[in-house]
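Number of protein chains: 2
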Amino acid sequence: MEFKISKEFIAQIEQLISENKEKELHDLLLDIHFADIAEIMDELDSHEASYIFNALDSEKTAEILLELDEDVREKILRNLSPKEIAEELDELSTDDAADIIAELSQEKKEQVISELEDVEHAKDIVDLLRYDEDSAGGLMAKELVKVNENWNVLTCVKEMRAQAENVTRVHSIYVVDDENRLKGRLSLKDLLTTSTKTPISEVYIPKVDYVKVDTENVEVARIMQKYDLEAIPVVDELGRLVGRITIDDIIDVIKEEADKDYQLAAGISQDVEADDSILELTKARLPWLVLALFGGFISVHVLGLYEPAMEIHPELFFFTPLIAAMAGNVGVQSSAIIVQGLANNALSGSLFNRLLKELSLSLLNGLILAILLIAGSYFLLNIDVKTGITVSLALLSVIIMASLIGTFIPIILDKYGVDPALATGPFITTSNDIMGIIIFFSIAKAILGF
Amino acid sequence: MEFKISKEFIAQIEQLISENKEKELHDLLLDIHFADIAEIMDELDSHEASYIFNALDSEKTAEILLELDEDVREKILRNLSPKEIAEELDELSTDDAADIIAELSQEKKEQVISELEDVEHAKDIVDLLRYDEDSAGGLMAKELVKVNENWNVLTCVKEMRAQAENVTRVHSIYVVDDENRLKGRLSLKDLLTTSTKTPISEVYIPKVDYVKVDTENVEVARIMQKYDLEAIPVVDELGRLVGRITIDDIIDVIKEEADKDYQLAAGISQDVEADDSILELTKARLPWLVLALFGGFISVHVLGLYEPAMEIHPELFFFTPLIAAMAGNVGVQSSAIIVQGLANNALSGSLFNRLLKELSLSLLNGLILAILLIAGSYFLLNIDVKTGITVSLALLSVIIMASLIGTFIPIILDKYGVDPALATGPFITTSNDIMGIIIFFSIAKAILGF
Numbered sequence: 001m002e003f004k005i006s007k008e009f010i011a012q013i014e015q016l017i018s019e020n021k022e023k024e025l026h027d028l029l030l031d032i033h034f035a036d037i038a039e040i041m042d043e044l045d046s047h048e049a050s051y052i053f054n055a056l057d058s059e060k061t062a063e064i065l066l067e068l069d070e071d072v073r074e075k076i077l078r079n080l081s082p083k084e085i086a087e088e089l090d091e092l093s094t095d096d097a098a099d100i101i102a103e104l105s106q107e108k109k110e111q112v113i114s115e116l117e118d119v120e121h122a123k124d125i126v127d128l129l130r131y132d133e134d135s136a137g138g139l140m141a142k143e144l145v146k147v148n149e150n151w152n153v154l155t156c157v158k159e160m161r162a163q164a165e166n167v168t169r170v171h172s173i174y175v176v177d178d179e180n181r182l183k184g185r186l187s188l189k190d191l192l193t194t195s196t197k198t199p200i201s202e203v204y205i206p207k208v209d210y211v212k213v214d215t216e217n218v219e220v221a222r223i224m225q226k227y228d229l230e231a232i233p234v235v236d237e238l239g240r241l242v243g244r245i246t247i248d249d250i251i252d253v254i255k256e257e258a259d260k261d262y263q264l265a266a267g268i269s270q271d272v273e274a275d276d277s278i279l280e281l282t283k284a285r286l287p288w289l290v291l292a293l294f295g296g297f298i299s300v301h302v303l304g305l306y307e308p309a310m311e312i313h314p315e316l317f318f319f320t321p322l323i324a325a326m327a328g329n330v331g332v333q334s335s336a337i338i339v340q341g342l343a344n345n346a347l348s349g350s351l352f353n354r355l356l357k358e359l360s361l362s363l364l365n366g367l368i369l370a371i372l373l374i375a376g377s378y379f380l381l382n383i384d385v386k387t388g389i390t391v392s393l394a395l396l397s398v399i400i401m402a403s404l405i406g407t408f409i410p411i412i413l414d415k416y417g418v419d420p421a422l423a424t425g426p427f428i429t430t431s432n433d434i435m436g437i438i439i440f441f442s443i444a445k446a447i448l449g450f
Numbered sequence: 001m002e003f004k005i006s007k008e009f010i011a012q013i014e015q016l017i018s019e020n021k022e023k024e025l026h027d028l029l030l031d032i033h034f035a036d037i038a039e040i041m042d043e044l045d046s047h048e049a050s051y052i053f054n055a056l057d058s059e060k061t062a063e064i065l066l067e068l069d070e071d072v073r074e075k076i077l078r079n080l081s082p083k084e085i086a087e088e089l090d091e092l093s094t095d096d097a098a099d100i101i102a103e104l105s106q107e108k109k110e111q112v113i114s115e116l117e118d119v120e121h122a123k124d125i126v127d128l129l130r131y132d133e134d135s136a137g138g139l140m141a142k143e144l145v146k147v148n149e150n151w152n153v154l155t156c157v158k159e160m161r162a163q164a165e166n167v168t169r170v171h172s173i174y175v176v177d178d179e180n181r182l183k184g185r186l187s188l189k190d191l192l193t194t195s196t197k198t199p200i201s202e203v204y205i206p207k208v209d210y211v212k213v214d215t216e217n218v219e220v221a222r223i224m225q226k227y228d229l230e231a232i233p234v235v236d237e238l239g240r241l242v243g244r245i246t247i248d249d250i251i252d253v254i255k256e257e258a259d260k261d262y263q264l265a266a267g268i269s270q271d272v273e274a275d276d277s278i279l280e281l282t283k284a285r286l287p288w289l290v291l292a293l294f295g296g297f298i299s300v301h302v303l304g305l306y307e308p309a310m311e312i313h314p315e316l317f318f319f320t321p322l323i324a325a326m327a328g329n330v331g332v333q334s335s336a337i338i339v340q341g342l343a344n345n346a347l348s349g350s351l352f353n354r355l356l357k358e359l360s361l362s363l364l365n366g367l368i369l370a371i372l373l374i375a376g377s378y379f380l381l382n383i384d385v386k387t388g389i390t391v392s393l394a395l396l397s398v399i400i401m402a403s404l405i406g407t408f409i410p411i412i413l414d415k416y417g418v419d420p421a422l423a424t425g426p427f428i429t430t431s432n433d434i435m436g437i438i439i440f441f442s443i444a445k446a447i448l449g450f
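Sequence order for the protein chains is A and B.
Here the UniProt record's numbering is used: the first residue of the first sequence is 1, the next is one more, and so on.
Here the UniProt record's numbering is used: the first residue of the second sequence is 1, the next is one more, and so on.
In case anyone wonders, no lab produced these hints; they're calculated from the structure.
A portion of the hints provided could be inaccurate.
Note: identical chains are not told apart, hence a pair may lie in one copy or across any two.
[Stated by the list, open to error] DSS-like, lysine-lysine: derived pairs with alpha carbons at most 25 Å apart:
1. Lys23 - Lys4
2. Lys4 - Lys226
3. Lys226 - Lys183
4. Lys197 - Lys83
5. Lys226 - Lys75
6. Lys158 - Lys357
7. Lys357 - Lys75
8. Lys226 - Lys108
9. Lys255 - Lys226
10. Lys357 - Lys23
11. Lys197 - Lys158
12. Lys260 - Lys357
13. Lys255 - Lys415
Between the sequences and the hints, there should be enough to build the whole structure, so can you do that?
Written out as structure tokens, the structure reads:
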């Protein structure tokens, strides 16, 4: 059922553009969903993308604008006059329009706003621009269906019909008092199943979940997921109903949050995509690499201190990368599990129990790996048993250390309000590398004596 | 507005349970949302959790069952008879009921099904159990609102009211023909804004997005996100309407998918949580560690081959962990960006362009890091310039190699239908470690000659 973009289809479009057949292009794209057209435009160069944009009707182009990759959208908007942009925004709901305006330069922003036709719409958009984009205010739309608690059902239905015209999806009908303070809600289901003569005060549900304008977006996402809500009303400091957040906006928040944790675990420090510029990618990647390099300097220095051991036990230096890598791997595993637990609010029990559990877990894993190491180094690498046992003991200690560090650094960071995902990735790997090498050589020195 | 679980509140509940005050407990929890009660029960021991469960009314307990952690739910269900479980399931929608039944043993499953009161409901649940849990069939619910294209609006509204009683949220009204084949949809908004005298055939929208029962769940998620759908109908092989998937089920799919990528990147091979048993956690973590250990054996072996260099250039062995770590870090960064690009369908352009870009990017990063390395090893570590330049050249080469491997292994895996996220984490780290060491010593040998 989904439209699949084929190479042939793209070639056909490019052909039509090069032959300047605007009418044919318009007809070809007539039945294609705006999300698919946006995908096609993302694949084309900016001249071709602009050509398509100009060939289409404005209800469709407004939606396409929303779906485009940010850099493609930027290029399209650059080619449009403030008046043309305003015409696109007039087609969009307030939250989407505000998101696009927020991407414009300050000067163009003001020009576009002054060109908006619908004054109410313009006022709502300007209002939304005030809020931090990571807050409930930044997520919400002004479009919603609300009724006054003092109305009777007949007035309600009439008013709602008018309001529903502006709302893409009606999730809930909110009930407010004369001061616009949120009092409760009416469900659509009740509307379908209740006789039309019932007065509002008798049918509305006085218990309603809501968030405040300054609630953080991840918190909004958590609440909507937990209580399984498809929309949630937003109130201001005085409890007045100012907007509504729908579940589709929350999906983006959830995805971004998960992507961010993943990127941090991989040592990428800001939100980047494969198609971003080399400079942006470098800015996101280099800081962690520089950190890791300086961590590497420390390990070089530490190893230098043990140079005297080289003559008697050169094999220790062959095992160093193995020990360091295992320390890094174990640390990343432990921290990833904790970071996810923290993100999903799924950590229960005391710190002491967690310590015990992590200790047992790393002991079990460490013992198995230590036995494999003794066997492997004896049979595969022809290392003598005494050295094998020494390295294995070191491995076991290093694994326990790494899993404890991996477990508790995220918990501590979280306690102090720092994003625990920071602790995964290069930070844990690097510090565990260094600690691993120190522990390894200390144990080796104690057993083998050099 | 959200209920916050405090330690005092939990203590109060434990107190009431120990004093066997069921009535007081019931009243205390009366106004608390089932999702919050489930969270409280997750914190308590299984005896206390069962006590709470028994003290509550059955509409609430059914919803609580759904929200509980899987292991807590398992314990509660173990204490219930098939008849009691069936009573809980009678309160739930078909998809949720099927999910819970699927967790039971084969024997108990059949007993519970035979105890279900509502025969239609039971039939629907049994039908849902047939589908793979990762397919559209496994996600969908049987509850939906549908009307026949041949009805008039009056019949429709009457029928819909009856149907809506069973549906928690009405997203769309689906239109079917006499054979139950999906023909289109009616939007609720149209319902609110159209005169009640209009015939169905005139108002329904013949274009409707749908998925097939065997569509993969991640594909369903992608389609619903792309087309911004809050619900999507599911049809069987003959195009007959068999169910409906709502956006809240899709959120779980999106989260699970993102969590899975993150876990793979951290070297955890199956879906585990911090609160799982030590055995389960070991099963998820040990395989990658064993793989990394064997990778480590290779690096020990390779380093052993270069033992002769030790006498003249011991410092090379001090730098080995640094080179290996940098190779691992760069590889993980590159692969993470590609894996996310693949997951979000956001990779455009040819393979050749991607190669060029990754080459330039790693050259830029590598050069900066190489200069830092020369400076750092000269000023901080007192390494002579020639060795410093040798190590830096090796670092530059290793970074280029690591970023190319990190970029193209996920792309190749994806081409052959393997989850590209597998390539991040220990797999890339380990292979880059080994490759890094080989490149490092080859370059050192060429320049320093040993």
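Problem set entry | In rising order, the numbers of the hints this structure does not comply with | Violated: hints 4, 6, 8 and 10.
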